[in-house]
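Chains as they are written, first to last, in my numbering: chain A, 929 to 1240; chain B, 929 to 1240.
Warning: the hint list may mix true and false statements.
Identical copies look the same in the list; a pair holds intra-copy or inter-copy alike.
To be verified - 25 Å max Cα-Cα, derived PhoX-like pairs, lysine-lysine:
| no. | residue 1 | residue 2 |
| --- | --- | --- |
| 1 | 1090 | 1173 |
| 2 | 993 | 1173 |
| 3 | 993 | 1145 |
| 4 | 1145 | 1090 |
| 5 | 1140 | 1173 |
| 6 | 1090 | 1140 |
| 7 | 1019 | 1140 |
| 8 | 1173 | 1145 |
| 9 | 1020 | 1090 |
| 10 | 993 | 1082 |
| 11 | 1145 | 1019 |
In case anyone wonders, no lab produced these hints; they're calculated from the structure. These numbers were taken from a predicted model, which means no experiment stands behind them.
Read off the chains here:
Protein chains: 2
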Amino acid sequence: MSGPLFDRIALIGLGLIGSSIALAARRGTLAREIAGTSRSPATRARAGELGFLDHVADTAAGAVKDADLVIIGVPVRATGAVVREIAPHLKKGAIVSDAGSVKASVVRDVEPLLPDGVSFVGGHPIAGTEESGPDAGFAELFDGRWCVLTPAAKSTPEAVEKLCQFWTALGSRVETMSAAHHDLVLAITSHVPHLIAYNIVGTVSELETDTKSEVIKFSASGFRDFTRIAASDPVMWRDIFLSNKDAVLEMLGRFTEDLTALQRAIRRDDGQALLEMFTRTRAIRRGVIEAGQDTQEPDFGRTRGLHDADDH
Amino acid sequence: MSGPLFDRIALIGLGLIGSSIALAARRGTLAREIAGTSRSPATRARAGELGFLDHVADTAAGAVKDADLVIIGVPVRATGAVVREIAPHLKKGAIVSDAGSVKASVVRDVEPLLPDGVSFVGGHPIAGTEESGPDAGFAELFDGRWCVLTPAAKSTPEAVEKLCQFWTALGSRVETMSAAHHDLVLAITSHVPHLIAYNIVGTVSELETDTKSEVIKFSASGFRDFTRIAASDPVMWRDIFLSNKDAVLEMLGRFTEDLTALQRAIRRDDGQALLEMFTRTRAIRRGVIEAGQDTQEPDFGRTRGLHDADDH
Chain A
929 MSGPLFDRIA LIGLGLIGSS IALAARRGTL AREIAGTSRS PATRARAGEL
979 GFLDHVADTA AGAVKDADLV IIGVPVRATG AVVREIAPHL KKGAIVSDAG
1029 SVKASVVRDV EPLLPDGVSF VGGHPIAGTE ESGPDAGFAE LFDGRWCVLT
1079 PAAKSTPEAV EKLCQFWTAL GSRVETMSAA HHDLVLAITS HVPHLIAYNI
1129 VGTVSELETD TKSEVIKFSA SGFRDFTRIA ASDPVMWRDI FLSNKDAVLE
1179 MLGRFTEDLT ALQRAIRRDD GQALLEMFTR TRAIRRGVIE AGQDTQEPDF
1229 GRTRGLHDAD DH
Chain B
929 MSGPLFDRIA LIGLGLIGSS IALAARRGTL AREIAGTSRS PATRARAGEL
979 GFLDHVADTA AGAVKDADLV IIGVPVRATG AVVREIAPHL KKGAIVSDAG
1029 SVKASVVRDV EPLLPDGVSF VGGHPIAGTE ESGPDAGFAE LFDGRWCVLT
1079 PAAKSTPEAV EKLCQFWTAL GSRVETMSAA HHDLVLAITS HVPHLIAYNI
1129 VGTVSELETD TKSEVIKFSA SGFRDFTRIA ASDPVMWRDI FLSNKDAVLE
1179 MLGRFTEDLT ALQRAIRRDD GQALLEMFTR TRAIRRGVIE AGQDTQEPDF
1229 GRTRGLHDAD DH
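One chain only, chain A, in its complex shape (with noise of 0.2 Å):
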């Protein structure tokens, strides 16, 4: 019964969810071996010197050679075409997860492309931070964080169970729920979120020159806060929009249409419409610190430890 949860674990992708599984699954000893592979050969080298897998590959073949857990951390669009490569490969018994931000669209792209005996179930960490690569990983990442399982027709019991008890061994709290709901949920939770922070840096970057520098000069007012998820992962963020197009585009219509309404109050100096709505927004944020989900130091704690980078 003791020794680690998996003889071997393959992790295909070694960027900052990558590598933070491998230093993660190092620390609580999950399994015996832990084999990774990076398309990009300068990846693969940079793992190779940062030492947290105990075998890079050289192709995605490779590292799923007798594994029993093979984790995918790629861009969504590309699952597809990882699934299809390691297919052949794959050991009887194995289970195949992923870490996407989008699950329908994985899962209907995968499970055609599975081969007998081997499970897939959809997973998503809720964590990250806005850097990416295999330098940004670190063994934290998933500490306190909420993992998303989403089961569908190709994943057995046994295997739920099972990546259920990896991911709380990471350090994650798990919750299941169906591939629909979860795009749904994450459609206005972090897709609509991304794309109207990506969306109004886009609207600064096109002010003319001086403005610009003044808009960057003043960010502390508010625009920094939506600059810092506007620099992440371009190609992974674009993949998840294209792949859950109808939860976005649905929610996007709702924020859009709450914007006009507010655009009217303001024309019309409806100050009480204003009011009421500003004071309605304050118990969300009341939530999310409750629910752990944030710090609630004023401006994330930052304030202060601004002022050190300033006095250079």
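For chain A, the structure is supplied; the task is to place chain B on it using the hints.
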């Protein structure tokens, strides 16, 4: 030549900004005496308990008696009424300033009310947190942050110079520009970002109860960043949007046009357009960090700090 910059300072409004000015002015010994008042009896009582003033006055008229510098830190649409009340009691030669986030409407409201021999110089410290009230203030709030002064018809060069010295001594870097230009730059840097943050939090608040709980639960995936600024003071922000209506509607128009283009790219599967846009926005984040306006710690440095809270 030595001694404090002002004999007596009066602060009208004792929220985050007023209380922080008092604390920073004390730290720098910038006045022999600091008086202040608030319209709210509870705030006056609390200011007395916190002890950051030498004298808590019952009325604005009482607070400004013999003051060389008066700083009004109230919601922008209340500024005119404050000046109307204090005008007959202002000392000859006094400098009156404010800390509002909109400048042209304040200048328009205030100038006709000023007695002869009194200067008005609009001011806007680009500093703050989402918190409000006298307990939220701290002496370091302005350190290294910008303060914009907007001299107009009733600003003598001597008053501008003295106010510049004052804000520099409070820890700020000072920049001077016209009120109209300030309002245009802040519309896109601060006002529209707050509006869209309020808006998306409002959109979430109208979701059905179950989905709303899940959005809060998974808010670390993006949404939580918006809830912070949407927790800012509702009255202050109502006044800002109504007082800077033209610039806000202009910048909001640009934002909406750009968002419509992004929406169209998603609907048409135009991955190339998305990728180009998401790549362009990363440069702005680098600019913000290079300008010392945000921490370069991933996730504002908060990811690691959250784990303790999650262990509860």
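Any hints from earlier that this structure breaks? Give me their numbers in increasing order, please. Failing hints, ascending: 1, 2, 3, 6, 7, 11.
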